[in-house]
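Colleague: So you can see what is in the structure, the chains are spelled out below.
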Amino acid sequence: MRIAAIAHSLRRILLAWLLSMPLLAAQAPAAGVDPALLAPLAGDDTDAKLRAIAALGQLPDPGAAAVLQALGDDRLYAAADGRVLIGEGGARATDPATGAAAELPAGAGTIGINNRLRRAIEAALAGSRLFSERPNERLDAARRLQQTGDPARLPMLEKALAAEKNEAVRDALLIAQANLELKSADPAKRRHAVELLGGTRNAAFRPTLAALTQERDGVHAEPDAAVREAAAHALTQIDRHLATIEWAGNLFYGISLGSVLLLAALGLAITFGLMGVINMAHGELLMIGAYVTYVTQSLFRAWLPGWTDWYVLAALPLAFVVTALVGMALERTIIRWLYGRPLETLLATWGISLILMQGVRTLFGAQNVEVGNPSWMSGGIAVLDGLVLTYNRLVIIGFALFVVFLVWVLLNHTRLGLFVRAITQNRRMADCVGVPTGRVDMLAFGLGSGIAGLAGVALSQLGNVGPDLGRAYIVDSFMVVVLGGVGQLAGTVIAALGLGGVNKFLEPYTGAVMAKITILALIVLFVQKRPQGLFAPRGRSAE
Amino acid sequence: MRQTAPIDLTLLARRPLFRGRVWAALGAAVAVLALLPLLNLAFPPGHTLHVSAYAVALLGKFMCYAMAALALDLVWGYAGILSLGHGLFFALGGYAHGMYLMRAIGRDGVYQSDLPDFMVFLDWKSYPWYWSFTEHFWYAMLLVVLVPGALAFVFGYFAFRSRIKGVYFSIITQALTFAAMLLFFRNDTGFGGNNGFTDFKRILGFDITAPGTRAALYWITLAALAGALVLARAVTQSKLGRVLTAVRDAESRLRFIGYDPLGFKLFVWTLSAVLCGIAGALYVPQVGIINPSEMSTETSIEMVIWVATGGRGTLIGPIIGAGTVNGLKTWFTSVLPEFWLYALGLIFVLVTLFLPTGIVGLARRLAARFQEGKA
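Protein chains in written order, with the working numbering: chain A, 1 to 543; chain B, 1001 to 1375.
There could be a bad hint or two in this list.
[Claimed, not checked] If we take Cβ atoms under 10 Å as the criterion, some of the chain A residues that face chain B in the derived model are:
id, residue
1, E344
2, S353
3, M357
4, Q532
[To be verified] Here are the computed lysine-lysine pairs in the DSS-like style, where the Cα-Cα straight-line distance is at most 27 Å:
id, chain 1, residue 1, chain 2, residue 2
5, A, K183, A, K159
6, B, K1061, B, K1329
7, B, K1201, B, K1125
8, B, K1165, A, K529
9, B, K1239, A, K516
Derived by calculation from the structure, the hints in this document are not laboratory data.
Fair warning: this is a prediction, and the values are worked out from it, not measured in the lab.
All C-beta atoms, glycine included, are put in the ideal place defined by N, C-alpha and C.
For reference, chain A alone in the conformation it holds in the complex (with noise of 0.2 Å):
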């Protein structure tokens, strides 16, 4: 495992510099370079040979470039005729001056160097690296010179931003250019990066913009006011950007969480509501779904190896098939005898999700098992610099909306659904008139358990697989239902999306527990004044 990975890489990086040998060959003798610059390089002058460097840095030419990289690979060679050439390895060698193969005279010496020309080439390689033909190239030199200081590489820059069309290496080489000029004596300099730092919006700046506004013993860190005064409106700008990034992001979050909760309360509001029962083992069901997925993903890995990035999508009907199965068993065996007794159910319900969970344990262990994001679903999009939608929560949103829609087709739109809604109104009556209420009561238990196996699926994408999984959803799911109210779909939905979106807009205040706390406190408090919800079926019976 791990010698293939080396292997691997080391395959790479051969390759890499495989195909990077022809570019350099083909960029080398693309300009000659002033050998009046390059004579200081042999000499014994270290003066003389810093400024020769700094020179060559400042040329927009890869030849120039090459000098650099060559002298500091220590392969930059001076022969005994003045001339200074770079070793190509044997006794091959190009002339920067000429851009021309030449031979490696015999007596040539390469030129050695100590820490501080090394220091000076790196730097002045930045710059030369400015004037690449490779766009990645130009992108790492300009991110390297927004961390030097130096105001005398302001001109080079310039010259480099003229020419630049990458937008990438644009922004990078505008930051730079920010940087040096914040150091410049220049008020309408300084002025001018301000501006352009509060343009870029990156919070990365706002330290070195505060630093700016502050006032110490009546002295002003930045003696000009107008700048002064542009540095607080461009720290206005990077805030207001960042309460952006902030709100979207909660609001992404709140979502992502509220679909969540909808999936995971969709089938018990769908129970609770045929049978006023709470269903304690739903949260087992959830956790049935997502090691369904588990399985699943296992087979696939074993018999389709070629296909495993589409194992979920074949979890989603076993798992609903699955947990609707062990739903309608549950429903023929047990609780079917416990109609009209709906504390009793909820204290046999619980007892069917311990014996669940124990199976699981004594089937799959007691340990989380590993359940992967196919490829599709990871990674994200990065949207307003700086927030990432990840694909599996966007899926999963995706996902929670579909199943809901399905549900409401289900309910509205079929026969089962009818009966259904007539039974969730009023029992007795609709038995009266023909209602086959066993079946269609073991059938809405299917439907409720099939859409907790879906939930599990999704479930199983985003956090831990354990014995232990329904758990932790399932005073969660509760919530919802209380709070939306019974049989009422559209009350689930807005309860589901309403708590996701409340408890991450006061996570940032008040911490995750205590915004958790306070969620429950709220639920509390407001069936206080809404015991039936926040859909009340309106209806005149006393009960």
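Once you've looked at the hints, dock chain B against the given chain A.
Modeller: Same frame as chain A, but now just chain B:
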């Protein structure tokens, strides 16, 4: 004018608390249970009459559970209010007593500080305000009663006034308990986070691990349980108790004939919470630890199954049920630990399906059949 038929009002004669035979049986049971720690103290290990300290401690724990179950039965069995949050009252009583026990450790903790170890760990310099006066035993005892009582009163007042009942009430109590558990899990709440309170050293100056102290705690628990049983009997036998039964069986009808159930429900709900808190307070020094897991959903639901197993709506039932279920739990966790949850799950299912009146109901049915056979 039309003559209305005269209404016969039959006032039930005031019944005695217990019949003589029951008083005798109760006295005998208390006497036998009271004897056990004496047997532990008086006879050396290995003697035929010796009762192990483990067994005594276990029974002491079971009696606390039985008291909690009794409290739960008062609301569920008699007033029809199923609480999934009695673990909260139990834990609050325990924490209130635990605060005193933590302060009684003094400087004997790991860090030899005046503050409990977990506060030293959090780098706190002094006790938060709600810890004030908890170094006084009697104040802590007052908290044991007041904290669960006040919480139950306020919560119950709002819930009953809004006529939240049935499954809704159960879920709301569960949510409350869950929220409290999350709160107590936080280190910053000031109750030791997920470790809770432990490592107690002494109570009222007595070494908490000494056999004599343990026996005394056992006897106090026994007395409290017997007292709670008599009190519960008095409540359920009274007129108030009969109104409660009416609340359970037909709340709307009760309202229509002019009763406001709020006060009755609130009274029994608060009483139940207080009894549960006392049970928790007795539990903590005997078990030596209290942590937020006592507030978990599981714990509270398990209490309900103690009541259901023993017999809901009877007073001896919860005590028998708590003993039976916890006895089984002890046996399973030592012999077949991986099968305990199966067994517990089966108990939940089988009791609700086949034993709706619990062990006591079954015994009564069998006794009735036996009587029939004789007649």
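Colleague: Just to be careful, I want the Cα atoms of K1061/B and K1329/B compared with a cutoff of 27 Å; is the pair within it?
Modeller: Measuring from Cα to Cα gives roughly 13 Å; hence the hint holds.
Colleague: Hold the hint about E344/A up to the distance rule: shortest CB distance to chain B must be less than 10 Å.
Modeller: 4 Å, holds
Colleague: Need the status of pair K1239/B, K516/A: alpha-carbon distance at most 27 Å?
Modeller: Since the Cα atoms of K1239/B and K516/A sit roughly 42 Å apart, the hinted pair is violated (cutoff 27 Å).
Colleague: So, as I understand it, the hint says S353/A touches chain B; can you test that by seeing if any CB pair is closer than 10 Å?
Modeller: 7 Å, holds
Colleague: Holds or violated: K183/A with K159/A, Cα cutoff 27 Å?
Modeller: Between K183/A and K159/A the Cα gap is close to 19 Å, so the pair holds against 27 Å.
Colleague: Between the alpha carbons of K1165/B and K529/A, is the straight-line distance 27 Å or under?
Modeller: Holds - the C-alpha atoms of K529/A and K1165/B are around 14 Å apart, at most 27 Å.
Colleague: Has the given pair, K1201/B with K1125/B, been kept, meaning a C-alpha gap of at most 27 Å?
Modeller: Distance ~22 Å between K1201/B and K1125/B Cα, so the pair holds.
Colleague: Taking the closest Cβ pair, is Q532/A under 10 Å from chain B?
Modeller: For Q532/A, the interface hint holds, since the closest Cβ of chain B sits about 8 Å away, which is under 10 Å.
Colleague: Would the hint on M357/A be counted as holding, given a Cβ-Cβ threshold of 10 Å to chain B?
Modeller: 7 Å, holds
In terms of the numbered hints stated before, the structure departs from hint 9 and from no other.
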